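Q: Below, each chain spelled out in residue letters.
Number of protein chains: 4
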Amino acid sequence: MSQSFTLTLSCPDRPGIVHGVSGAILNHGGNILDSRQFDDRETGRFFLRVVFEAEGDGAGLEAAMRDLAAQFAMDWRLTPSDRPVRTLILVSKFDHCLGYLLYKQRMGELPMEIVAIAGNHPKDSMTVSQIGDIPFHHLPITRDTKTQQEARIKALVEETGAELVILARYMQILSDDLAAFLSGRCINIHHSFLPSFKGAKPYHQAHARGVKMIGATAHYVTADLDEGPIIHQAVEAVSHEDTPEDLVRKGREIESRVLGRAVGWHLAHRVFLNGARTVVFGN
Amino acid sequence: MSQSFTLTLSCPDRPGIVHGVSGAILNHGGNILDSRQFDDRETGRFFLRVVFEAEGDGAGLEAAMRDLAAQFAMDWRLTPSDRPVRTLILVSKFDHCLGYLLYKQRMGELPMEIVAIAGNHPKDSMTVSQIGDIPFHHLPITRDTKTQQEARIKALVEETGAELVILARYMQILSDDLAAFLSGRCINIHHSFLPSFKGAKPYHQAHARGVKMIGATAHYVTADLDEGPIIHQAVEAVSHEDTPEDLVRKGREIESRVLGRAVGWHLAHRVFLNGARTVVFGN
Amino acid sequence: MSQSFTLTLSCPDRPGIVHGVSGAILNHGGNILDSRQFDDRETGRFFLRVVFEAEGDGAGLEAAMRDLAAQFAMDWRLTPSDRPVRTLILVSKFDHCLGYLLYKQRMGELPMEIVAIAGNHPKDSMTVSQIGDIPFHHLPITRDTKTQQEARIKALVEETGAELVILARYMQILSDDLAAFLSGRCINIHHSFLPSFKGAKPYHQAHARGVKMIGATAHYVTADLDEGPIIHQAVEAVSHEDTPEDLVRKGREIESRVLGRAVGWHLAHRVFLNGARTVVFGN
Amino acid sequence: MSQSFTLTLSCPDRPGIVHGVSGAILNHGGNILDSRQFDDRETGRFFLRVVFEAEGDGAGLEAAMRDLAAQFAMDWRLTPSDRPVRTLILVSKFDHCLGYLLYKQRMGELPMEIVAIAGNHPKDSMTVSQIGDIPFHHLPITRDTKTQQEARIKALVEETGAELVILARYMQILSDDLAAFLSGRCINIHHSFLPSFKGAKPYHQAHARGVKMIGATAHYVTADLDEGPIIHQAVEAVSHEDTPEDLVRKGREIESRVLGRAVGWHLAHRVFLNGARTVVFGN
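Protein chains in written order, with numbering that gives the first Met the number 0: chain A, 0 to 282; chain B, 0 to 282; chain C, 0 to 282; chain D, 0 to 282.
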């Protein structure tokens with residue numbers, strides 16, 4: 000029976016990559032359904048995402064790709080298209096983003112298996128989310144226990160085999176150590192249109208400056224706070240009538256949508272790191 | 000010296016197309032810069048657009064493509080990426096779309112050579128356009144002279160070698176004969192969010208119905224008025240405060256932008272006909 | 000202690016309305032916080048919404064308004080601004096709009112008291128909604144039982160004292176009788192950008208026509224199906240890659256948001272009927 | 000014959016303002032067509048804009064307003080609604096914003112009389128604008144002649160009686176002295192979504208940071224560069240495919256539209272200064 004695979008790769012650009020990859024797929028009986036590529040003329044790096052149908056488990060192609068990868072110095076990955084990604088979600092008191100992700104997952108729109116939710120507030124403070132049977136870990140944090148709490152998060156990632164960690168309005172600043180540990184496999188939602196209004200209380204900053212649009216930014220976590228590669232951003236118009244509290248309320252919708260979309264693209268292997276930026280084959 | 004070419008093709012989907020095409024390009028020393036494809040699972044038709052750099056005039060590849068095309072039953076076209084398209088623009092009294100197209104062309108954003116402008120109103124009624132030295136043909140029309148007027152348009156297309164005809168708010172209904180003559184190489188802008196408000200005075204219809212958004216639609220001309228394949232659409236919010244005249248005013252901006260974007264995609268060979276619909280590799 | 004009141008009125012336009020109303024509010028110790036008005040030059044009708052703070056229960060002003068209303072032939076209403084509106088929600092199998100409304104209500108963004116939910120599918124088919132303790136009435140319907148089922152809906156409206164009925168993707172066509180019963184106090188969400196794609200399966204119609212944007216429309220229910228006064232509309236871009244199923248998925252978000260916003264404006268007394276259209280003092 | 004007037008005012012909030020103003024208008028035979036107000040709860044300041052029709056030249060009302068203004072400590076202005084505002088436009092090499100403003104003015108959408116255009120590049124470098132008979136002043140500038148050049152700008156403002164100065168991509172940094180001279184009557188367009196990417200080459204900064212949206216900001220000029228009160232902002236989505244040059248191109252459209260809209264609101268007396276922010280009664 001035929002199934003769908005997603006192949007993603009990046010490598011230095013040179014002639015023959017597409018021909019080599021499409022030949023390997025063809026030789027293993029695959030039929031390409033979708034293909035997107037980007038050639039970064041600035042850096043000379045090439046990015047490719049191919050979705051194809053083929054019989055079997057992809058093992059033969061895997062071997063062929065190893066040869067190609069060596070020849071072209073590729074970073075690459077081949078995965079069944081519908082394999083759910085093991086995901087850990089971190090949350091604090093405000094659970095609107097969590098609720099949105101759970102809703103999307105339940106509707107079949109986000110192919111992830113939520114292996115655990117962890118929060119620094121107790122489960123019963125989650126007012127808008129249907130957590131159901133998903134394991135919830137209450138990991139309170141104080142200035143004095145930060146090291147131990149982060150150790151528990153690391154342990155949780157390892158025990159659950161989480162491939163992706165989502166900071167769904169997790170309002171704690173990660174230590175450099177934890178940020179490095181999660182680097183490249185952790186998505187955060189920042190409640191401003193970065194790089195404007197970094198840091199705390201961005202909606203209050205936005206109100207004070209009198210901007211006419213507010214926004215949200217989903218980005219990969221790196222050690223440099225609020226400076227990680229941006230995956231997605233969106234904005235909404237606001238007016239002089241909006242108080243900081245109105246901005247907070249309007250922002251909740253944008254935050255949820257921006258995070259949901261970024262996570263969806265990540266799960267579909269549509270996002271590549273490209274230095275301090277990303278390549279996103281969105282849809 | 001190397002130059003950029005754009006190859007576009009469509010054919011019944013089957014394995015090997017991408018491999019064949021990428022092989023042909025590779026064999027002729029080409030390096031792929033951009034590639035987009037779409038496999039219409041409903042109809043089994045495959046669409047491909049490839050931009051690549053190569054030495055020479057592309058003649059060798061042209062021959063190779065002829066073989067591939069026969070093998071895969073392709074409709075295809077190979078063209079230097081920056082070749083300006085010979086374009087005829089038809090206009091009536093309102094020349095805001097014409098003015099917008101001329102501005103974009105002058106800014107270097109629309110690679111077209113405007114071989115002529117023709118209008119059923121005289122040149123000096125064009126109040127907002129900088130026509131400059133472009134030949135302007137005044138082709139007045141009455142109920143009795145419609146056949147002759149349309150014959151002059153056809154003659155103009157042939158004399159100028161126009162590859163594209165743009166109806167830039169040309170407010171005459173084309174005869175079936177002229178529509179068929181221009182089919183597939185003529186873009187019209189309709190001042191509504193089709194299929195809502197077909198026919199005359201769409202902004203007045205929209206006002207009467209009390210809609211909260213108005214729109215514009217750029218589509219290829221076919222014999223079936225207002226039913227041609229849609230290339231692009233956009234909308235803008237309106238309110239109870241807007242009179243029909245306000246809608247007309249707000250609509251002018253949307254019409255211009257939607258038409259400009261559709262024309263830009265057409266000129267970049269990003270639009271394919273797919274039955275009554277289009278495939279648009281937009282950017 | 001002072002509290003906030005919302006006064007809404009409409010009447011034939013003539014000089015002195017604002018002066019009269021602002022005088023009445025001033026005489027009863029009120030301070031105007033917000034005021035919006037619209038003078039429909041086409042129909043000669045005037046619409047006003049005033050929010051003000053005053054001591055007491057508004058009874059004195061109520062008497063003064065009765066005199067003014069007689070003098071100016073006003074339709075008017077004075078209500079404490081924060082009084083929750085008693086609301087009945089009807090739903091079918093798809094409960095994403097219901098889930099969204101419940102979420103917004105729980106977040107404090109929709110000042111309504113949900114007195115009951117009724118569905119023609121059983122409660123346990125509601126997969127994404129947190130119904131909690133809200134009474135759920137399973138009112139199955141067949142061709143033969145339509146009359147009886149609608150009688151039960153009417154009874155439910157009366158028993159619960161519902162002031163507003165929301166059709167949250169309630170997929171049954173109301174009889175003329177029920178539509179008339181609910182007229183002016185019932186909001187429906189239609190999953191198309193009306194007046195395009197009336198009737199059944201609008202996303203499939205949109206796909207077949209090849210439109211480049213899909214939308215949703217919230218409107219008041221009237222006897223004339225899909226022709227009720229429009230409160231709010233929004234759209235989202237789609238592409239040739241989107242299957243009808245993709246449109247359904249993308250549409251769910253727009254439907255929820257459009258319905259939620261329309262309901263929010265209704266609850267804040269920001270929407271007026273104006274013949275077949277609406278006046279919306281949005282925010 | 001009756002004509003339309005626009006009254007704008009701001010003052011400390013207290014009861015009776017609307018009643019007083021509507022009474023004054025009523026007593027002088029006026030009929031209110033449109034009214035918008037905003038009560039800034041944070042600062043206690045009240046803002047009002049009223050459009051009304053009345054016979055005569057408004058002189059009687061002017062006297063009545065003087066009394067009210069004294070009583071309520073109002074900043075106020077009464078002006079015929081259709082009086083064109085005398086406007087000076089400054090431009091540098093890129094004239095797309097200038098071209099857009101001239102187009103809008105010619106279409107009757109911007110009620111301004113362009114008394115002069117001044118540029119630090121010669122008139123014949125204006126490639127996309129139809130300057131026609133409008134006086135064009137070439138005011139070249141070097142580091143050494145900045146003081147004299149700015150003196151000529153000041154003189155131009157005074158000789159022409161310009162009430163509004165528009166910096167239509169005028170790429171010179173104003174001295175503190177000129178900025179103070181123009182304060183409150185000068186609108187600038189900044190080609191970024193402020194406060195992101197202040198200063199030079201914002202599109203290049205945006206590209207380097209990898210943002211997914213770019214924007215433009217229209218603001219009043221104050222001595223503090225890029226910190227003036229914001230009137231309007233808009234954004235457009237961009238992607239990894241966009242080079243800095245693509246951002247420049249896409250940005251031109253946003254800049255023009257944002258500036259055009261801000262100028263339109265200013266001309267219609269819809270914008271109020273409110274400390275470091277603005278109140279905009281947009282439409």
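Keep in mind that a hint or two might mislead.
Pairs count within a copy or across copies, as identical chains cannot be separated in the list.
List of simulated lysine to aspartate or glutamate pairs, DMTMM-like, C-alpha gap at most 25 Å [to be verified]:
{"no.": "1", "residue 1": "K145", "residue 2": "D223"}
{"no.": "2", "residue 1": "K200", "residue 2": "D39"}
{"no.": "3", "residue 1": "K197", "residue 2": "E226"}
{"no.": "4", "residue 1": "K200", "residue 2": "E108"}
{"no.": "5", "residue 1": "K197", "residue 2": "D132"}
{"no.": "6", "residue 1": "K200", "residue 2": "E157"}
{"no.": "7", "residue 1": "K249", "residue 2": "E235"}
{"no.": "8", "residue 1": "K122", "residue 2": "D39"}
{"no.": "9", "residue 1": "K200", "residue 2": "D33"}
{"no.": "10", "residue 1": "K145", "residue 2": "E226"}
{"no.": "11", "residue 1": "K153", "residue 2": "D223"}
{"no.": "12", "residue 1": "K249", "residue 2": "D81"}
{"no.": "13", "residue 1": "K200", "residue 2": "D175"}
{"no.": "14", "residue 1": "K249", "residue 2": "E112"}
{"no.": "15", "residue 1": "K145", "residue 2": "D56"}
{"no.": "16", "residue 1": "K249", "residue 2": "E41"}
{"no.": "17", "residue 1": "K145", "residue 2": "E244"}
{"no.": "18", "residue 1": "K249", "residue 2": "D39"}
{"no.": "19", "residue 1": "K249", "residue 2": "D33"}
Derived from the structure by calculation, the hints contain no laboratory data.
Remember, it's a predicted structure, so these values are computed and weren't measured experimentally.
Q: Hint by hint, note whether the structure agrees.
A: Structure-based check of each hint:
Taking the closest pair of Cα atoms, K145 and D223 come within 25 Å of each other only inside a single copy of the chain (18 Å); across copies the shortest separation is 42 Å, beyond that limit. Proximity of K200 and D39 under a CA criterion of 25 Å is satisfied inter-copy only: 21 Å between copies versus 36 Å inside one chain copy. Within a single copy, K197 and E226 get their C-alpha atoms as close as 9 Å, and across copies as close as 17 Å, so both meet the 25 Å cut-off. Taking identical chains as interchangeable, the C-alpha atoms of K200 and E108 lie at most 25 Å apart only when they sit on different chains, with a minimum of 21 Å there against 31 Å within one chain.
When the C-alpha separation of K197 and D132 is checked against a cutoff of 25 Å, the pair qualifies neither within a copy, at 36 Å, nor between copies, at 41 Å. In this assembly of identical chains, K200 and E157 lie within 25 Å of each other by CA distance neither inside one copy nor across copies; the values are 32 Å within and 45 Å between. For the identical chains of this complex, K249 and E235 are neighbours both inside a copy (8 Å) and across copies (19 Å), given an alpha-carbon limit of 25 Å. Taking the shortest alpha-carbon separations for K122 and D39, neither the intra-copy value of 45 Å nor the inter-copy value of 39 Å comes in at or below 25 Å.
Taking CA atoms no more than 25 Å apart as the test, K200 paired with D33 passes in neither setting, with 42 Å inside one copy and 27 Å between copies. In this assembly of identical chains, the alpha carbons of K145 and E226 lie at most 25 Å apart only when taken from the same copy (22 Å versus 39 Å across copies). For the homomeric pair K153 and D223, the shortest alpha-carbon distance inside one copy (19 Å) is at most 25 Å, but the shortest distance between copies (47 Å) is not. Proximity of K249 and D81 under a CA criterion of 25 Å is satisfied inter-copy only: 19 Å between copies versus 33 Å inside one chain copy.
Proximity of K200 and D175 under a CA criterion of 25 Å is satisfied intra-copy only: 21 Å inside one chain copy versus 32 Å between copies. In this assembly of identical chains, K249 and E112 lie within 25 Å of each other by CA distance solely across copies; the values are 22 Å between and 29 Å within a copy. For the identical chains of this complex, K145 and D56 are neighbours neither inside a copy (44 Å) nor across copies (52 Å), given an alpha-carbon limit of 25 Å. Taking the shortest alpha-carbon separations for K249 and E41, only the inter-copy value of 19 Å comes in at or below 25 Å, while the best intra-copy value is 38 Å.
In this homomeric assembly, K145 and E244 never come within 25 Å of each other (Cα to Cα): the closest approach is 30 Å inside a single copy and 45 Å across copies. For the homomeric pair K249 and D39, the shortest alpha-carbon distance between copies (19 Å) is at most 25 Å, but the shortest distance inside one copy (36 Å) is not. For the identical chains of this complex, K249 and D33 are inter-copy neighbours only, at 20 Å across copies versus 36 Å inside a copy, given an alpha-carbon limit of 25 Å.
Consistency note: the structure conflicts with the earlier hints numbered 5, 6, 8, 9, 15 and 17.
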